[in-house]
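S.K.: Sequence:
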Amino acid sequence: MNIFITGISRGLGRCLAQIYAARGDQIFGVGRSPLTEAIPGVIYGIVDVTAANAAHDIAELVAGYSHIDCVINSAGTGSDGYHLADVDAAELMAQLRLHCVAPLQVSQALLSKLRAAPEPKIINLTSRLGSVLQHQRGDFDGKAFTYPYRIAKAAQNMLSLCMASDSSMKDIVVASINPGLLRTESGSSDACFTAEEGAERLVALIDKITSPGIYHAFGDEALY
1 MNIFITGISR GLGRCLAQIY AARGDQIFGV GRSPLTEAIP GVIYGIVDVT AANAAHDIAE
61 LVAGYSHIDC VINSAGTGSD GYHLADVDAA ELMAQLRLHC VAPLQVSQAL LSKLRAAPEP
121 KIINLTSRLG SVLQHQRGDF DGKAFTYPYR IAKAAQNMLS LCMASDSSMK DIVVASINPG
181 LLRTESGSSD ACFTAEEGAE RLVALIDKIT SPGIYHAFGD EALY
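According to my numbering, the sequence shown is numbered sequentially starting from 1.
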């Protein structure tokens, strides 16, 4: 398969690229900085997926390939702003660009390549902290999580729902996946799995997904 993954310079994204490449898939990966160590079998480009020219850079990276089977929007990072008085509007906008606008731009840039694939998928990696339903029922009351990240992930979930219900994309499976509590640079304090463990679960789950929706890599509850 031809698979496009964002945020592969480190953490979960890098682990995903390594697993897919090792099994023989053609991987296209992007990140904001050079790879500290090349990943065999990966075509890598330095692309800021939040930038206005991201679509052009992505198109250049996949030029010459007829289709993309799967897009995995993995790029992301945490934020500051645990209390209302501390929330910085610029940081909120940056989080929205990274977690919502970037997946939109990447999906738009690769839409024609996806439509040329036999069973195309767009996978947006989400978080429990983007769940409006879990916030409504008080799952996070009394816990310290930041405003910008939660708001941005909630916006990303709505993007996924919009794309999944878009009649012009009925042949593309759009799914959100919570990768679990992973010990990455932006992972929460209660994280209990490694990025490698999360990536292995994600790859197995993505292979099985045939319908839109929200999923959890470790089989736990996942809600929009």
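It is possible that part of the hints are untrue.
[To be verified] Label pairs and their calculated CB-CB ranges:
id : residue 1 : residue 2 : range
1  : Lys208    : Leu133    : 29 to 39 Å
2  : Thr194    : Lys143    : 16 to 26 Å
3  : Gly41     : Ile209    : 18 to 28 Å
4  : Lys208    : Ser167    : 20 to 30 Å
5  : Ser112    : Arg32     : 20 to 30 Å
6  : Asp80     : Arg115    : 34 to 44 Å
7  : Val87     : Gln134    : 15 to 25 Å
8  : Arg115    : Ile209    : 10 to 20 Å
9  : Pro40     : Gln136    : 19 to 29 Å
10 : Gln108    : Gly41     : 22 to 32 Å
[What the hints assert, rightly or not] Straight-line C-alpha distance at most 20 Å; calculated DMTMM-like pairs for lysine to aspartate or glutamate:
id : residue 1 : residue 2
11 : Lys143    : Glu196
12 : Lys143    : Asp86
13 : Lys208    : Glu197
14 : Lys208    : Glu196
15 : Lys208    : Glu119
16 : Lys143    : Asp25
17 : Lys208    : Asp171
18 : Lys208    : Asp86
19 : Lys208    : Asp69
20 : Lys170    : Glu119
21 : Lys170    : Asp80
22 : Lys208    : Glu221
23 : Lys170    : Glu197
24 : Lys208    : Asp220
These are calculated hints, taken from the structure and not from any lab test.
Please read these numbers as outputs of a predicted model, since none were measured by experiment.
Even glycine gets a Cβ: it sits at the ideal position worked out from N, Cα and C.
S.K.: Work down the list of hints and note, for each, if the structure agrees.
M.R.: For each hint, the structure was consulted:
no.: 1; hint: Lys208 - Leu133: 29 to 39 Å; in the structure: violated, 24 Å
no.: 2; hint: Thr194 - Lys143: 16 to 26 Å; in the structure: holds, 23 Å
no.: 3; hint: Gly41 - Ile209: 18 to 28 Å; in the structure: holds, 23 Å
no.: 4; hint: Lys208 - Ser167: 20 to 30 Å; in the structure: holds, 25 Å
no.: 5; hint: Ser112 - Arg32: 20 to 30 Å; in the structure: holds, 25 Å
no.: 6; hint: Asp80 - Arg115: 34 to 44 Å; in the structure: holds, 40 Å
no.: 7; hint: Val87 - Gln134: 15 to 25 Å; in the structure: holds, 20 Å
no.: 8; hint: Arg115 - Ile209: 10 to 20 Å; in the structure: holds, 18 Å
no.: 9; hint: Pro40 - Gln136: 19 to 29 Å; in the structure: violated, 46 Å
no.: 10; hint: Gln108 - Gly41: 22 to 32 Å; in the structure: holds, 26 Å
no.: 11; hint: Lys143 - Glu196; in the structure: violated, 27 Å
no.: 12; hint: Lys143 - Asp86; in the structure: holds, 16 Å
no.: 13; hint: Lys208 - Glu197; in the structure: holds, 17 Å
no.: 14; hint: Lys208 - Glu196; in the structure: holds, 19 Å
no.: 15; hint: Lys208 - Glu119; in the structure: holds, 12 Å
no.: 16; hint: Lys143 - Asp25; in the structure: violated, 40 Å
no.: 17; hint: Lys208 - Asp171; in the structure: holds, 16 Å
no.: 18; hint: Lys208 - Asp86; in the structure: violated, 42 Å
no.: 19; hint: Lys208 - Asp69; in the structure: holds, 14 Å
no.: 20; hint: Lys170 - Glu119; in the structure: holds, 11 Å
no.: 21; hint: Lys170 - Asp80; in the structure: violated, 37 Å
no.: 22; hint: Lys208 - Glu221; in the structure: holds, 17 Å
no.: 23; hint: Lys170 - Glu197; in the structure: violated, 32 Å
no.: 24; hint: Lys208 - Asp220; in the structure: holds, 16 Å
Going down the numbered hints, you'll see the structure goes against 1, 9, 11, 16, 18, 21, 23, while the others check out.
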